Amino acid sequence: MRLSGVLIAACSLASAASAFKWSQTKTVLAFGDSYTFVQGTMGHPGYSFFGDRFNLTITKDVVLKSEIVGNATSSGGANWIEMITNCYAGLPAKCPRTLWNFAFAGADIDPAILALHHDYTVDMTEQVDQWVQAWKNKLLKAPTKSSLAAFFIGINDTGDTSGWKNITDWTAFWNTEMDSYFKAVGRVYDTGLRSFLFLNVPDRTGSNPQIATFNSLLAQRVDAFKASKKDVSTVLFDTSKLFVDVLANATAYGFTNTTGYCRCTDPGYFWYILTAIALAEGAKWSEIKTVLAFGDSYTSVGGTTGLLGYSFFGDGRNLTITAEEVQKGEFIANQTSSGGSNWIQMITGCYEGHPSDCPRILWDFAWAGATIDANIVPLESEVIIPLTDQAVQWAQARNDNLLEAPGSSSLAAFFIGINDMLGTTSWKNVTDWDAFWNKALDSYFKAVDQVYDTGLRSFLFLNVPNLSRSPGLVDNPDVANHATQVKTFNSLLEQRIKCFKASKYGVSVASFDIDKLMNGVLDNPGGFGFTNTTGFCGRTDPGYFWRDPYHPTEGVHRLVANGILSELEKLE
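Per mature numbering (1 follows the signal peptide of the UniProt record, and there is no 0), the sequence shown runs over residues -19 to -1, 1 to 553.
Hints were generated in silico from the structure; no laboratory data involved.
Values in this document were obtained by computation on a predicted structure and should not be read as measured data.
Mixed in with the good hints, there may be bad ones.
Claimed, not checked - In silico BS3-like pairs for lysine-lysine, Cα to Cα no more than 30 Å straight-line:
1. Lys485 x Lys164
2. Lys41 x Lys126
3. Lys207 x Lys164
4. Lys551 x Lys468
5. Lys409 x Lys468
6. Lys122 x Lys210
7. Lys41 x Lys207
8. Lys207 x Lys7
9. Lys119 x Lys211
10. Lys551 x Lys270
11. Lys7 x Lys41
12. Lys211 x Lys7
13. Lys46 x Lys119
14. Lys485 x Lys420
15. Lys485 x Lys468
16. Lys46 x Lys122
17. Lys482 x Lys270
18. Lys75 x Lys117
19. Lys265 x Lys482
20. Lys2 x Lys117
21. Lys7 x Lys46
22. Lys146 x Lys164
Turn these sequences into a full structure, and let the hints guide you.
Structure (structure tokens):
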């Protein structure tokens, strides 16, 4: 339990009590994001009480059986909505005040305005859809005279847009958001609710000018809503002011640390790791202690608990990472596509044995044969884990406290797209390749965002090498299309990386042009010690560039690693 949560609860409750008869309130509906969500036994793990966007329908089974999981909020203990309802665990209907919590961690106001954080995220407007559906189907009820609707939303909206440069009229932009916000509020009103609690947005970084605009417009909309509905009672709680006051005089409130954060129950900390991750900043390479790797056969390392020759962590038939895999899994020497070591091992010094015993801890989720998204470019086998699911594996292992990667000392490395290029080389049915690759990159950066949301702030991206001169592709009649698509993909990837860096507070980003390096070596192989660039050796012959039809040898990986290390030294 966090004292900051207690303060929000106590102050908002005091405000509510003065505006309407809190003593008569028996049911509370909650809409919002990670500051409000509670975990349900039938919800999306780490995100919600009521399912996810894959199936928004609330069923009778969920209403009757789903229970609130204690101490499973973004505070690490209880949160403000649990505190004001005294609904900490168990069936919502059994609490002193019934709590139907529709909030979803990572939610924005409206998916039509801002992109979803994940494809399973339920934004606030859709949370209201869920309530209306359940109310119409008589699965849930909130009697007019004894119910309250609480809205605490906007943290992700103001955070997601903090780096945007393309908005010329921010007031108009936020008013568009407010239109969606209060259209949703109006729909809740139409189901009979007459008591409403609103919380504004705290400025967690102290440097986001849009929060003041958002909060000012929110206050105007609350006043307008109250004026237009003569039978409503409203409270607008100033969360922003509370945060400012407490942070300015922390010791008076019992806090001893307001700049760091902990994943602990230390009452002296203001910030818990999940609510403070936006404050973490990228680290220098010398400070990096843990590396997460996502990708394909150019990055994967075989492990004792993985599929030999393909992965460290299991396969696509069972994505769940277990404690046994984490505790007992070890890297097997020379189990990479190079026939020896690969670039990710070289930059971490992690060649064999347990990942945590390496100079830099390496958790390698890469899978040989992986594409970005199996729904866009199909996999060759059901055992292969695409990038989208590799990110899911990491999030699951972290949420289950099996793996950790502290934001201040960890790096996430992404090298993916080779199999997407190879898999589409001969496709004739795509009329707009830019649109096609942008769709793939949407999935790519949803996975990146998912990793960002777990606290990572240092990122490395590798583009895709043109394999037109590889033994496996050089004689392919569609080799020219391959070269064209690599160029298109890499150009779009570069744009996405720039947008990612601009839109995320405190990130450090390194990029490496492996396409340029490999082409440069193939143009002048003798200058790099290679004597054969047209055949392949099937072993670790230092004179060969290619180990097999599509994969380079250990010597090429060494050049890649050296180039990457030069880029990583620029991280700041």
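Self-check item: Lys2 paired with Lys117 [C-alpha distance capped at 30 Å]
Solution: Satisfied, since the Cα-Cα distance of roughly 26 Å is no more than 30 Å.
Quiz item: Under the criterion that the straight-line Cα-Cα distance not exceed 30 Å, is the pair Lys122, Lys210 satisfied?
Solution: The given pair, whose Cα atoms are some 21 Å apart, holds under the 30 Å limit.
Quiz item: Holds or violated: Lys485 with Lys164, Cα cutoff 30 Å?
Solution: 29 Å, holds
Quiz prompt | Holds or violated: Lys75 to Lys117, with C-alpha atoms at most 30 Å apart | solution = 22 Å, holds
Quiz item: Are Lys41 and Lys207 close enough, with their CA atoms no more than 30 Å apart?
Solution: 34 Å, violated
Quiz item: Do the alpha carbons of Lys211 and Lys7 lie within 30 Å of each other, as the hint requires?
Solution: 22 Å, holds
Quiz item: Straight-line Cα separation of Lys485 and Lys420 no greater than 30 Å?
Solution: This hinted pair holds, its Cα atoms lying about 21 Å apart.
Quiz item: Given the hinted pair Lys551 and Lys270, is their alpha-carbon gap at most 30 Å?
Solution: 16 Å, holds
Exercise. Mind checking the alpha carbons of Lys265 and Lys482 for me, to see if they're no more than 30 Å apart?
Key: Judged against 30 Å, a Cα distance of about 16 Å means the pair holds.
Quiz item: Does Lys7 pair with Lys46 here, judged by a C-alpha cut-off of 30 Å?
Solution: Status holds; Cα separation ~20 Å.
Practice problem: Given the hint that Lys551 pairs with Lys468, test it: the Cα-Cα distance must not exceed 30 Å. | Solution: 25 Å, holds
Exercise. Take a quick look at whether Lys119 and Lys211 sit within 30 Å of each other, Cα to Cα.
Key: 27 Å, holds
Of the numbered hints stated above, the single one contradicted by the structure is hint 7.
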